[in-house]
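Chains as they are written, first to last, in our numbering: chain A, 213 to 575; chain B, 0 to 254.
Hints should not be assumed to be uniformly reliable.
[Stated by the list, open to error] Short, incomplete list of chain A residues facing chain B, as computed with Cβ under 10 angstroms:
#1 V267
#2 A271
#3 S277
#4 E305
#5 A313
#6 F376
#7 N408
#8 M414
#9 A418
#10 I430
#11 T432
[To be verified] A short list of chain A residues far from chain B (calculated; beta carbon distances all over 10 angstroms):
#12 L221
#13 P244
#14 R428
These aren't lab readings, by the way, just hints derived from the structure by calculation. Ideal placement from N, C-alpha and C gives every residue a C-beta, glycine not left out.
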Amino acid sequence: MDNKKDIRLMKGNEAIAEAAIRCGVDGYFGYPITPQSEVMETLMLLKPWETTGMVVLQAESEIASINMVYGGAGCGKKVMTSSSSPGISLMQEGLTYLAGAELPCVVVNVVRGGPGLGTIQPAQSDYFQSVKGGGHGDYKLIVLAPASVQEMADFVELAFDLAFKYRNPALILSDGMIGQMMEKVELKPYRKRWTNEEIKQMHPWATMGKPAERERNIITSVELDPNAFERFNHKLQDKYRKMQEEEVRCEQFNCEDAEYLLVAYGSSARICQKAMELARAKGIKVGLLRPITLFPFPTREIQALLGHVKGILSVELSEGQMVEDVRLTVEGKVKVEHFGRVGGVVHSPEEVVEALERKIIGG
Amino acid sequence: MEVSIKDIIKPENLVYQKSSLLTEKPMHYCPGCTHGVVNRLIAEVIEELGLQQETIGVTPVGCSVLLYNYIDIDWQEAAHGRAPALGTAIKRLLPEKYVFTYQGDGDLAAIGTAETIHACNRGENILMVFINNGIYGMTGGQMAPTTLEGMAASTCPFGRDPERDGNPLSMTEIVATLPGTRYVTRQAAHTAGAVRKLKKALIKGFNNQKENKGTSFIEVVSTCNSGWKMTPVQANEWMVENMFPFYPLGDIKDK
Ligand SMILES: Cc1ncc(C[n+]2csc(CCOP(=O)(O)OP(=O)(O)O)c2C)c(N)n1
Ligand code: SF4
Numbered sequence: 213m214d215n216k217k218d219i220r221l222m223k224g225n226e227a228i229a230e231a232a233i234r235c236g237v238d239g240y241f242g243y244p245i246t247p248q249s250e251v252m253e254t255l256m257l258l259k260p261w262e263t264t265g266m267v268v269l270q271a272e273s274e275i276a277s278i279n280m281v282y283g284g285a286g287c288g289k290k291v292m293t294s295s296s297s298p299g300i301s302l303m304q305e306g307l308t309y310l311a312g313a314e315l316p317c318v319v320v321n322v323v324r325g326g327p328g329l330g331t332i333q334p335a336q337s338d339y340f341q342s343v344k345g346g347g348h349g350d351y352k353l354i355v356l357a358p359a360s361v362q363e364m365a366d367f368v369e370l371a372f373d374l375a376f377k378y379r380n381p382a383l384i385l386s387d388g389m390i391g392q393m394m395e396k397v398e399l400k401p402y403r404k405r406w407t408n409e410e411i412k413q414m415h416p417w418a419t420m421g422k423p424a425e426r427e428r429n430i431i432t433s434v435e436l437d438p439n440a441f442e443r444f445n446h447k448l449q450d451k452y453r454k455m456q457e458e459e460v461r462c463e464q465f466n467c468e469d470a471e472y473l474l475v476a477y478g479s480s481a482r483i484c485q486k487a488m489e490l491a492r493a494k495g496i497k498v499g500l501l502r503p504i505t506l507f508p509f510p511t512r513e514i515q516a517l518l519g520h521v522k523g524i525l526s527v528e529l530s531e532g533q534m535v536e537d538v539r540l541t542v543e544g545k546v547k548v549e550h551f552g553r554v555g556g557v558v559h560s561p562e563e564v565v566e567a568l569e570r571k572i573i574g575g
Numbered sequence: 000m001e002v003s004i005k006d007i008i009k010p011e012n013l014v015y016q017k018s019s020l021l022t023e024k025p026m027h028y029c030p031g032c033t034h035g036v037v038n039r040l041i042a043e044v045i046e047e048l049g050l051q052q053e054t055i056g057v058t059p060v061g062c063s064v065l066l067y068n069y070i071d072i073d074w075q076e077a078a079h080g081r082a083p084a085l086g087t088a089i090k091r092l093l094p095e096k097y098v099f100t101y102q103g104d105g106d107l108a109a110i111g112t113a114e115t116i117h118a119c120n121r122g123e124n125i126l127m128v129f130i131n132n133g134i135y136g137m138t139g140g141q142m143a144p145t146t147l148e149g150m151a152a153s154t155c156p157f158g159r160d161p162e163r164d165g166n167p168l169s170m171t172e173i174v175a176t177l178p179g180t181r182y183v184t185r186q187a188a189h190t191a192g193a194v195r196k197l198k199k200a201l202i203k204g205f206n207n208q209k210e211n212k213g214t215s216f217i218e219v220v221s222t223c224n225s226g227w228k229m230t231p232v233q234a235n236e237w238m239v240e241n242m243f244p245f246y247p248l249g250d251i252k253d254k
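Excised from the complex, chain A in its bound form (with noise of 0.2 angstroms):
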């Protein structure tokens, strides 16, 4: 028996500050924001500097901070930062110009409801945002969507292993009840931050400063030839693509016998894991998948139960933004519909049963 296990009860954003010191991050920058100031509140109290040396800092604004991780990224560091909707807007920004400069970093989107300055409670209408770019230029981000504390915990080094695997940001979409509701979780144990010698080995193109051996290594996302830039975004869509057929990941709850299917991540797939019991019991022949990474999005796991199912209702705390993304995997074979509180009200779960039954069974 492992009597080493360190279990405790803790807030998502206090699990990703724990997650984040002892995956060895280098750096966090941020600006505070509700749903999830507690982020790097945790942080200051745990003072990671005089432990690992991570580095803490409070930023001017969302702008500095994600141009803070560019800096650190750029460096070959493990750098990230934390938000909420409004400050999310703020950094697209920067996110472009990370895609652009194929920087690794972890960004993490506790949402609230939007538009504008709108609510501080849990909403998940940041979906178009995350999945489809954000800022301008072709790019995607890696998106992950955590369900539970011990996934805000366990996603941060997950994300951090898939941006510096390809060179690329990757996006933790949290919401505000994830962040702000207590859990149990399992806390991993430290892990050595990299030295400067081991950046050096494993990603050569680091800015460390330049020694004679190699050329000088510039971090840029500016290309005026127009050949080659077609080349680099060529480059960057082939990369999209590799996500694609390797990185999905999802979970299936009673989807092998499914007649009905609840496609829902996040806080909505913890509801939704209720609704499916409630109708089972009535004996509805109901499964639900929960996408884990929402870029690259479970198309084929999707697909694979069309067979059996007969119709899918897409369920988020938003207007409709993920249904879309069903709609264009189901491509017209069953019907999809949405259904979904917004402004900071959270569905019951037995008013998904009552969407199921009067949207795609009645309907």
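Mind docking chain B with the ligands on chain A? Use the hints.
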């Protein structure tokens, strides 16, 4: 006795040569532009201080966006105005390295005002080089935050009108008031004497980083002869007559 060219080209006769850190890439700047002179000086300073392996530069968006093509060190290219944020993180994560940013007036004193002020206010241990040519060179000569009253630009073709456009901004005096800045100076590069003084300031800006005592900030009052629609000589004269009274040269802070 006949003297051949071979007798003259000897190491002991050498008075000046191109810095070995300057690449063979032809510079894209307009002939007469101050950027080229300052780029060359930075290469010389890094070479003379022996800091090629230790330096990371950050380029802006503006005419000097491609500065990384000319000096043989590691570089990062920032989004418009964000160079001080990059510089902050690079220095904090690699505190033993020498870090400098290089920005125009639009980049540093308009879109990047917050990043500039806050990097200086935190006292980031970096050197910030500020090329103030009073105009947006790269985008074709629009009004800059530093455009002088009455000075014409493509977005104030009849001259800057403070009532409509606001007043020219003296960013260097502003950052000098911040406790985080250690060395704040305003220099130029239009004469041999000015170039020598600017080089001294740049050396100081790099050397200051050996001690973690705050930000070094060097403004270079510059010309953009293309944007100003003047010959290089006229531009220098115009700068001396019009820019220097509003942007006086000299050290503002040195502690
Ligand atoms: C977000 C954004 N806005 C606007 C621009 C267009 N732009 C490029 S350079 C520039 C200003 C350049 O002027 P300055 O910083 O003074 O440098 P100079 O070219 O004079 O050296 C502008 C507005 C841009 N690249 N990005
Ligand atoms: S436009 Fe002005 S600042 Fe730009 S290279 Fe030409 S002279 Fe220099």
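Consistency of the hints with the structure:
The beta carbon of V267/A is positioned within 10 angstroms of a beta carbon in chain B (closest approach about 5 angstroms), and the interface hint is therefore held. Given hint, A271/A at the interface with chain B, holds; its Cβ is 7 angstroms from that chain's nearest Cβ, closer than 10 angstroms. For S277/A, the shortest C-beta to C-beta distance to chain B is roughly 8 angstroms, which falls under 10 angstroms, so the interface hint holds. With 10 angstroms as the threshold, the beta carbon of E305/A comes within range of chain B, its nearest partner Cβ sitting at about 6 angstroms, so the hint holds.
For A313/A, the suggested interface contact is upheld, since its CB lies about 8 angstroms from the closest CB of chain B, less than 10 angstroms. For F376/A, the suggested interface contact is broken, since its CB lies about 16 angstroms from the closest CB of chain B, more than 10 angstroms. Here the hint on N408/A is kept, as its CB sits about 7 angstroms from the closest CB of chain B, short of 10 angstroms. The closest approach between the C-beta of M414/A and any C-beta of chain B is roughly 15 angstroms, which is over the 10 angstroms cut-off, so the hint fails.
Hint status for A418/A: holds, given a least beta-carbon distance of 8 angstroms to chain B, under 10 angstroms. About 5 angstroms separates the beta-carbon of I430/A from the nearest beta-carbon of chain B, less than 10 angstroms, and the hint is met. Taking 10 angstroms as the C-beta cut-off, the interface hint given for T432/A holds, the closest approach to chain B being about 4 angstroms. The non-interface label for L221/A is consistent with chain B: the shortest C-beta to C-beta separation is roughly 33 angstroms, beyond 10 angstroms.
Against chain B, the non-interface label of P244/A holds: every CB pair exceeds 10 angstroms, the least being about 15 angstroms. At the 10 angstroms boundary, the C-beta of R428/A falls inside the reach of chain B, the nearest C-beta of that chain being 5 angstroms off.
Checked against the numbered hints given earlier, the structure breaks hints 6, 8, 14 and satisfies all the rest.
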